[in-house]
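J.: Below, each chain spelled out in residue letters.
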Amino acid sequence: MNGTLALAMAEIRRLRRNRRYLILTIGFPVLLYLIVGKSDTTAYGVAFKAFYMVSMATFGALSGAFNNNTIRISQERKEGWIRQLRLTPLPANAYVGAKLIASMVTSVPAIVIVFLLGHFYGGVDMQAWKWIVIGVAIWFGTFIFAALAVAIGYRISPDSVQPVSMIIFFAFSIFGGLWFPLSGGLQGFAKFTPTYQVAKISTDVLGTGNFQAVNVIGLVAWLAIFLGLAVLAVRSTAETM
Amino acid sequence: MATHNGGPIVTFDNVSKHYGSLKAVDGLSLELRAGETVAILGPNGAGKSTSLDMLLALRKPTSGRIKAFGSDPYHAVKSGRVGAMLQSGGLMPEVTVRELVTLVSGFHPRPVPPETVMKRAGISEIAEQRVDRLSGGQTQRVRFALAIAGESELIVLDEPTTAMDVESRQLFWANMKAEVAEGRTVLFATHYLEEADHAADRILVINRGRLLADGTPDEIKQRAGARRLSFRLEQVDEPFLLQLPGLVNLEIRGDLVYIQAADSDAALYAVLDAGYRPREIEVTSLGLEQAFLAITSQDNEANGGPASASSATMSKESI
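If you're matching them up, the sequences are chains A and B in order. In this text, residue positions in the first sequence follow the numbering used here: the first is 4, and each later residue adds one. In this text, residue positions in the second sequence follow the numbering used here: the first is 438, and each later residue adds one.
Calculated directly from the structure, the hints in this document are not laboratory data. Just so you know, even glycine gets a beta-carbon here, dropped at the ideal spot from N, CA and C.
Rough simulated footprint, nothing fancy, chain A against chain B, three-plus residues with beta-carbon under 8 Å:
id, segment
1, 487-500
2, 503-516
3, 538-547
Chain A with its partners taken away, still in its complex shape:
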């Protein structure tokens, strides 16, 4: 476990130095919120500035955990860093473990910074527990997407991993209603996406102050599915590293 933590620390150090990552996870959501966050309309029956804060925090944290990991893992597999690690006393699952831990840690500032912006710039105000529940829901969503990123990074070559992960992520973002509230037939379909579960829990907490167990179950189910895919991907590529 110590080795896994040491590797996770190294991963975090790398991410801190990576300008692209910082722009994608923090710079981009902050900029968008500054531009459109102060609108006085409503979405999902809650104030738009609050909805958009949640939406941007989710977008930044999830895209950081997802896009960054798919690309890194695919490249590190191709270049042989994963193979190199397998030659050390580090346990076989430490690489994936460290990636997940690093994603969970680095998503915290991405969420917190947008929340601070929402509070002080957008004027979003609510009880402490609501901030925490929404933050945890997004954070859990990050874990789900980090797991999916492992499955994709292990399967897809560096040449095509960028467009593939972009398409998958945009599809989940749009159908999950992260960018704008969905309506009609699309919403029926969207209800099953992991991003929708995060958005639903958040907007429920913002609006009624209650969230539904079905959405929590949905999140856990998606986590189980993506972790399962990740384990399969790691196992089936073990001999071709």
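Fit chain B to the known structure of chain A by using the hints.
T.: Frame of chain A, contents of chain B only:
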């Protein structure tokens, strides 16, 4: 190391690895003893890398058993008793050399201090440079540093000096000798014959996934008929020549006869004793390279394989 008392630290017991119909490794059996420096010598595609991959738990044998330090390869590697440097090993980008060496040395149950590792690998001057901004030779040295970052008892190297210039190659083996002097066992794959000759005290010749010869560099040369006898002889009697003692290879071009035999003197006496009086007798000494070619080409001919193709690869690369 003392726990092994001269018994083998690594054992391959009839190990095979098949990819579909391709037999990359085909019934390989061998043993490594503590303190040896052993070269696995063979042409490209002989099964060297696959064998090392299996020893390092990167691949599983199709059949047969590998034991290292009394356990399976995975646990041997994870216990820190084996350090390795492979051709395909990549490095973590965006960190400095020092950070990377410190990280990997920290994974070991018996770590070597990072400063010592970097000094041994000759990378102290580039400690603060970023790993992704190094030259090919520097990258290779960093990979070597990662292989010796723990107090491993066995170091496995897959073609360690590929892409190195002559000077770095010499420096590399000088460093390696220092590691061996500490009592480590070294197993390395190479297709550079002089490298096997100079660096190893034992050579395993592998071709088509099978072990063809196992011995000291001198024994390998001997085994292959390290001297070549040639002469001119009218009315060559091929069946007679084929029965010469210790014959390794026979070639007849018109009245010119080339003979490789374990003992060239004995072969010549046999020719003379049979009443022949050949002219223009010459005995030339062959290097390890020709010895190696002789061993692998016999094997390829005996198995209907592409003798010329693999010989051509060998000679091109070893020159």
